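Going line by line, the protein sequences match chains A and B. Each residue of the first sequence is one higher than the one before, starting from 7 at the first, in this note's numbering. Each residue of the second sequence is one higher than the one before, starting from 5 at the first, in this note's numbering.
Don't read these hints as lab results, they were simulated from the structure. Keep in mind the model is a prediction, meaning the values are calculated, not measured. Take the hints with a grain of salt, since some may be wrong.
Claimed, not checked - List of simulated lysine-lysine pairs, DSS-like, C-alpha gap at most 27 Å:
# : chain 1 : residue 1 : chain 2 : residue 2
1 : B       : Lys22     : A       : Lys117
2 : A       : Lys137    : B       : Lys43
3 : A       : Lys144    : B       : Lys43
4 : A       : Lys117    : A       : Lys39
Unchecked claim - Calculated Cβ distances over 10 Å to all of chain A for the following chain B residues:
#  : residue
5  : Asp45
6  : Glu48
7  : Leu49
8  : Gln50
9  : Arg78
10 : Phe92
11 : Glu119
All C-beta atoms, glycine included, are put in the ideal place defined by N, C-alpha and C.
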Amino acid sequence: MSQLEIQPDSHGTDHGHDHDHPDHLGHHWENSKQQFEAGKLGMWLFLATEVLLFGGLFVAYSVWRGNHPEIFQYGSQFLDTFWGALNTGVLLVSSMTMAMAVTFAARGNRKGIVICLVLTLMGAAGFMVIKYIEYSHKFHEGFLPGFSFYEEPSASHLWLPLEQEHDQDVAHSTLETEAHNTAFAHETTARDEMPLPPPTAEPSVVPAAGTGPEGLTTNELALETAEFAVFLPPSVIGNLENQGPELDFAEHHEPGEEPHLPHPLQDPDRPPNAQKFFTIYFLMTGLHGIHVIIGGFVILWLLLLTLRGRFSRGYYTPVDLGGLYWHIVDVIWIFLFPLFYLI
Amino acid sequence: MSEHHDGHDSGGHAVSHKMLVITCIALLFLTGVTVWASKLDFNELQFPELNIIIAIGIAVVKVSIVGLIFMHLRWDRQFTAFVFVASFVLVGLFISFAMMDTKEYQPEVIQANSEQVQQMIDALPAAPKSEH
Numbered sequence: 007m008s009q010l011e012i013q014p015d016s017h018g019t020d021h022g023h024d025h026d027h028p029d030h031l032g033h034h035w036e037n038s039k040q041q042f043e044a045g046k047l048g049m050w051l052f053l054a055t056e057v058l059l060f061g062g063l064f065v066a067y068s069v070w071r072g073n074h075p076e077i078f079q080y081g082s083q084f085l086d087t088f089w090g091a092l093n094t095g096v097l098l099v100s101s102m103t104m105a106m107a108v109t110f111a112a113r114g115n116r117k118g119i120v121i122c123l124v125l126t127l128m129g130a131a132g133f134m135v136i137k138y139i140e141y142s143h144k145f146h147e148g149f150l151p152g153f154s155f156y157e158e159p160s161a162s163h164l165w166l167p168l169e170q171e172h173d174q175d176v177a178h179s180t181l182e183t184e185a186h187n188t189a190f191a192h193e194t195t196a197r198d199e200m201p202l203p204p205p206t207a208e209p210s211v212v213p214a215a216g217t218g219p220e221g222l223t224t225n226e227l228a229l230e231t232a233e234f235a236v237f238l239p240p241s242v243i244g245n246l247e248n249q250g251p252e253l254d255f256a257e258h259h260e261p262g263e264e265p266h267l268p269h270p271l272q273d274p275d276r277p278p279n280a281q282k283f284f285t286i287y288f289l290m291t292g293l294h295g296i297h298v299i300i301g302g303f304v305i306l307w308l309l310l311l312t313l314r315g316r317f318s319r320g321y322y323t324p325v326d327l328g329g330l331y332w333h334i335v336d337v338i339w340i341f342l343f344p345l346f347y348l349i
Numbered sequence: 005m006s007e008h009h010d011g012h013d014s015g016g017h018a019v020s021h022k023m024l025v026i027t028c029i030a031l032l033f034l035t036g037v038t039v040w041a042s043k044l045d046f047n048e049l050q051f052p053e054l055n056i057i058i059a060i061g062i063a064v065v066k067v068s069i070v071g072l073i074f075m076h077l078r079w080d081r082q083f084t085a086f087v088f089v090a091s092f093v094l095v096g097l098f099i100s101f102a103m104m105d106t107k108e109y110q111p112e113v114i115q116a117n118s119e120q121v122q123q124m125i126d127a128l129p130a131a132p133k134s135e136h
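Bound conformation, chain B alone:
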């Protein structure tokens, strides 16, 4: 890291403006890709969750770019990156365990628009439309 040291006292890294502009353009491009990819229809593949996976995947790539370039992690000590990545890993663990639990009980959840609910609603007699 010291070879990237810019020679000044404070120790930060000066990223060239050109690189910052290129990074920003890449991030804006990836934003466009996310919007485009979200409109893809994967119902034919019986895999509608693919939209979510693609969106999260692109978001992770974008966040990595922001972290590496804008936040200087590329030139920073590895320990800094460790702190940052660890926080995401811990959140990921949290979500994973929560989702395992959610999935476990999923069969018992009555979907709000399920036939079961619809039948309950249909079983009700229609009310007179105007009462006044």
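If we strip away everything but chain A, and leave its shape as in the complex, we get:
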């Protein structure tokens, strides 16, 4: 901590030295170096809390992956390594230009700072553009977190209390199933990306069979023979073959791309709860994206201050500390990239 100690030669000798202070120096600091070191320590403590903030999400990732590795292996196939690697490169290069800006600042080269900050800002914008491309792909293809993922929301309607004595209240359970079917149909048709045909089946014609609209079929046989509660995703029941032609998502892929994987809705190997991967993916990359946006504004602010001539060889603390923030964004992404895109 010796750096923070008051230097003996400046202590107590000239209390009337306030008028000698440079503009940037707060009156409660002995000298610029002390001010800089204190500010830097504060920034590093903040960065440590940032690491801890993301740490909580990394713990969630680890536990989920530890419990269900197959979901992560399955989900990461749908992330494009090319875009992820490109974004890593963009962030690394922008980190370099940011560090260059700090070097220029230390040498008092204002033009250099401006050029490097503009380049860094372009890196931040480029990262977000690539992120936008990636996210819109995911949105188009229905890779949404949690309950928004495909037909998984309907899965909550598909839990069948099969252990009940359905002889007594078969009519009741049929009504219940119909209600669920209707709810399912509303949810499904509301979704643009799932252009299911409108519910045309007439439940009143075959009431006992509990046959609902497309996407959900439970017949009486299922009710009689199944002995446990299990949710019935349409992919299991086999309705999806009928919808195959309408689920042509190939148009969302760029031409020349690798032959794409079977669409999850048609993929019999899709593990249940595959949406968990996209939940944690959007949580972590989303929080990181917010940090990139904040970092972009910080860089913009630094740019404006530089253009106003606020920095000099003697004072460029904001450039240095803003740079540290930008580097921590890079550090987080260095971990996120392999965890989601590669393994």
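Please arrange chain B on chain A, whose structure you already have, making use of the hints.
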């Protein structure tokens, strides 16, 4: 640290542009290595987790380089590095304890694509394919 002091008032260290460019190239190279290493198949060794270990290992190396050069930790006070490293160590502790717990209960977790689940699904009668 004072011998690295550039002579100006503020106290930061000016890293040469050449070193920054070299660092960046090294980081980009390591990114390529990570992508390449993730495609290696260790199933023959019965050790598929090796991919994860390699990826995290390279990420730690990359983060160390970013911290040491871009973030000036190499020239900074050791206490700064202590703060930074400590945050990672604490996250590591958190993950380790959480994973110990996860591993403890792992035998009780039904894997989503397990035979058990498959048998449950198979036990269901096939539904008629077209109802309308």
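Going through the hints against the structure:
At most 27 Å may separate the alpha-carbon atoms for a hinted pair to count; lysine 22 of chain B and lysine 117 of chain A meet this at roughly 18 Å. Between lysine 137 of chain A and lysine 43 of chain B, the direct Cα distance comes to roughly 23 Å. Compliance with the 27 Å bound is thereby established for this hinted pair. For the proposed pair lysine 144 of chain A and lysine 43 of chain B, the alpha carbon gap of about 23 Å is at most 27 Å, so the pair holds. Of the pairs offered as hints, the one joining lysine 117 of chain A and lysine 39 of chain A holds, with about 24 Å between alpha carbons and a cut-off of 27 Å not exceeded.
The beta carbon of aspartate 45 of chain B sits about 12 Å from the closest Cβ of chain A, which is more than 10 Å, so the claim that it is off the interface holds. The beta carbon of glutamate 48 of chain B is kept farther than 10 Å from every beta carbon of chain A, the shortest such distance being approximately 17 Å. The Cβ of leucine 49 of chain B lies farther than 10 Å from every Cβ of chain A, with a closest approach of about 16 Å, so its non-interface assignment holds. At roughly 15 Å from the closest C-beta of chain A, the C-beta of glutamine 50 of chain B stays outside 10 Å, upholding its exclusion from the interface.
With a least CB separation of 12 Å from chain A, arginine 78 of chain B remains clear of the 10 Å interface cut-off, as annotated. With a cut of 10 Å on Cβ distances, phenylalanine 92 of chain B falls inside the contact zone with chain A, its closest approach being about 6 Å. Listed as outside the interface, glutamate 119 of chain B is consistent with that label: its C-beta sits roughly 13 Å from the nearest C-beta of chain A, beyond the 10 Å cut-off.
Checked against the numbered hints above, the structure violates only hint 10.
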